[in-house]
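Peer 1: Here is what each chain is made of, one letter per residue.
There are 2 protein chains.
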Amino acid sequence: IAGAAAALAADDPLPSWNDGAAKASILAFVGKVTTAGSPDFVPAGERIATFDNDGTLWSEQPVYFQIAFAVDRLKVLAAVDPAIAGNETVKAVLSGDRAKLAAVGEKGLLEIVAMTHAGMSVADFEGIVRAWLATARHPRFDRPYNELVYQPMLELLAYLRANGFKTFIVSGGGIDFMRPWAPAAYGTPPEQIVGSSGRTKWQLVGDRPSIMKLPEVDFIDDGPGKPVGIERFIGRRPVFAAGNSDGDLEMLQWTTLDTGPRFALIVHHTDAVREWAYDRDSPVGRLDKALDEAAKRGWLVVDMKNDWKVIYPFEK
Amino acid sequence: IAGAAAALAADDPLPSWNDGAAKASILAFVGKVTTAGSPDFVPAGERIATFDNDGTLWSEQPVYFQIAFAVDRLKVLAAVDPAIAGNETVKAVLSGDRAKLAAVGEKGLLEIVAMTHAGMSVADFEGIVRAWLATARHPRFDRPYNELVYQPMLELLAYLRANGFKTFIVSGGGIDFMRPWAPAAYGTPPEQIVGSSGRTKWQLVGDRPSIMKLPEVDFIDDGPGKPVGIERFIGRRPVFAAGNSDGDLEMLQWTTLDTGPRFALIVHHTDAVREWAYDRDSPVGRLDKALDEAAKRGWLVVDMKNDWKVIYPFEK
Ligand SMILES: [Ca+2]
Ligand SMILES: [Ca+2]
Chain U
31 IAGAAAALAA
41 DDPLPSWNDG
51 AAKASILAFV
61 GKVTTAGSPD
71 FVPAGERIAT
81 FDNDGTLWSE
91 QPVYFQIAFA
101 VDRLKVLAAV
111 DPAIAGNETV
121 KAVLSGDRAK
131 LAAVGEKGLL
141 EIVAMTHAGM
151 SVADFEGIVR
161 AWLATARHPR
171 FDRPYNELVY
181 QPMLELLAYL
191 RANGFKTFIV
201 SGGGIDFMRP
211 WAPAAYGTPP
221 EQIVGSSGRT
231 KWQLVGDRPS
241 IMKLPEVDFI
251 DDGPGKPVGI
261 ERFIGRRPVF
271 AAGNSDGDLE
281 MLQWTTLDTG
291 PRFALIVHHT
301 DAVREWAYDR
311 DSPVGRLDKA
321 LDEAAKRGWL
331 VVDMKNDWKV
341 IYPFEK
Chain A
31 IAGAAAALAA
41 DDPLPSWNDG
51 AAKASILAFV
61 GKVTTAGSPD
71 FVPAGERIAT
81 FDNDGTLWSE
91 QPVYFQIAFA
101 VDRLKVLAAV
111 DPAIAGNETV
121 KAVLSGDRAK
131 LAAVGEKGLL
141 EIVAMTHAGM
151 SVADFEGIVR
161 AWLATARHPR
171 FDRPYNELVY
181 QPMLELLAYL
191 RANGFKTFIV
201 SGGGIDFMRP
211 WAPAAYGTPP
221 EQIVGSSGRT
231 KWQLVGDRPS
241 IMKLPEVDFI
251 DDGPGKPVGI
261 ERFIGRRPVF
271 AAGNSDGDLE
281 MLQWTTLDTG
291 PRFALIVHHT
301 DAVREWAYDR
311 DSPVGRLDKA
321 LDEAAKRGWL
331 VVDMKNDWKV
341 IYPFEK
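Sequence lines, in order, name chains U and A.
Residue numbering for the first sequence follows our numbering, starting at 31 and increasing by one per position.
Residue numbering for the second sequence follows our numbering, starting at 31 and increasing by one per position.
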């Protein structure tokens, strides 16, 4: 009997999910769309699944990890460049003073993005991101940021791919910030990562070509930008999508408001002990309108505290 | 012996290519990058191949087929809308008068693009393109435009995919114009098609979401825009690329000017009998700088007349 139980566990594609309605509904959906002859069958090529990143596949507290990257990068730059060290916006950001930070505003934010995310080639930027991940540590867990991915979601991604789904990341985060590490973390190749981006420019110096990052925002892959990005990059509607905040509302609508079998999932941050608990009032990852819409539309709301056995891979 | 020859022919992955240096160089390249242990081995996931479309995968004479689509569309619109029928730019385009056409200019062209490629959802536009393909006929061959694809290039696409390459279309043509038919024609899914695009906008009316096409150009995937588009959509450098004009120069440079095994191919239109013959002086698909660069860099220049047994699938 112990052997049989172990064999059953080994067959479980979602071992970090507690048995219950959430897990059952995922298994039932994948079962019906992959059963040939079922009225809900979806051909393998059309099984498109899109996943938000911050708060859906990895943590986003106490601040979005890309902001932690930008702040760390500013410190490096300020240490070697007096002009950056003396910049008022930079001083406000590095002060850690909440009142000063609140005064930075959108113009200041764009200034910071330009300083930290432009002026180099995409390849050089990717090197900077990799070096940061190798040294930076999350303040609460004292681990590299890319270890704070959600084990149950990794299993979900792998389970979908094993069932003929093509999985994409569709994130408000920067596309060039994600591509250096997300392929290894999630098993999605660079061409299946959609994100926000700045303008870039072709440059050829001698026989050395590069794509240079310019200090101008090109595309914000958030809110209504998510279905726009999905249409532009993927060119067809997902049948499965996962998010965690109001920034995913339109992606989940785009995924579900059509004929045929469709599935939307919201990761609800309910675990203040193992992760964080926040929703309607959080400045990071606010989940308000999409939570109401989930109830109205029958989207799955995953209760992290009760639906997940572990949060991170290192807990196993 | 006849049986052995037939078996050999059946094993030939490029049966519409004449034996010769061009075919041999393609086979040699694919052989070395797919041979485990070879110094030139490239892992399957990194075998990215990008193909221009107009003049590389299908014909582009006497005018780019998307222009034929736009002109046909203008006729439909002008027949039902007096404002469009009376528009001076539209009258110039529909007159077929070369002097009037030449005077249309860039502003006029954008006006035509706005009239024919915007003001509807992407899904509705795709329906218009499909309907056009089902009824329009190419003036010389009296066949649907999507039958004028190159049989030898279809074989090359299939051969690369059979050898673990991921094939992408990277075209100056419109992404929304290609996606309705290119997947069936070339075996590349919609998410592996990169092209020029207009701005789009999310719209939700009741429970009906759509992505609306706006009358503003967003991205021109031509010339230096090709490596920019490759970086944005694919996120890694191709090891194999094919084009036919100066609009592909930067894509071929981006593909080849790096370490490791790399392959660039130019389709040279040399067959005035079966297709068209044009290069340095052609207003459509001008091949001048890229032809010089091919000689300098050792890129393969395919001689359509001598390297290809047939041009189109219907000749077989
Ligand atoms: Ca999120
Ligand atoms: Ca071309």
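Since the hints were made in silico from the structure, they are not lab data.
Among the hints, a few may not be true.
If chains are identical, the list can't say which one is meant, so a pair holds when it fits in one copy or spans any two.
Restricting the straight-line Cα-Cα distance to at most 20 Å, the calculated cross-link-like pairs of lysine to any residue (SDA-like) are [what the hints assert, rightly or not]:
no. : residue 1 : residue 2
1   : K231      : R128
2   : K121      : D288
3   : K339      : P45
4   : K196      : A74
5   : K326      : D41
6   : K231      : I250
7   : K196      : P219
8   : K231      : I264
9   : K121      : A133
10  : K335      : I158
11  : K319      : A215
Peer 1: Confirm or reject each hint.
Peer 2: Tested hints:
1. K231 / R128: Answer is neither; intra-copy 36 Å and inter-copy 35 Å both fail.
2. K121 / D288: neither (49 Å within a copy, 40 Å between copies)
3. K339 / P45: This pair counts as within: shortest intra-copy Cα distance 8 Å, inter-copy 56 Å.
4. K196 / A74: Answer is both: 8 Å inside a copy and 17 Å across each meet the 20 Å cutoff.
5. K326 / D41: neither (34 Å within a copy, 57 Å between copies)
6. K231 / I250: both (18 Å within a copy, 12 Å between copies)
7. K196 / P219: both (10 Å within a copy, 11 Å between copies)
8. K231 / I264: between (23 Å within a copy, 16 Å between copies)
9. K121 / A133: For K121 and A133, only the intra-copy Cα distance (12 Å) is at most 20 Å; the inter-copy one is 55 Å.
10. K335 / I158: Result: close neither inside a copy nor across copies, 35 Å intra and 49 Å inter.
11. K319 / A215: neither (30 Å within a copy, 42 Å between copies)
Hint violations for this structure: numbers 1, 2, 5, 10 and 11, all remaining hints satisfied.
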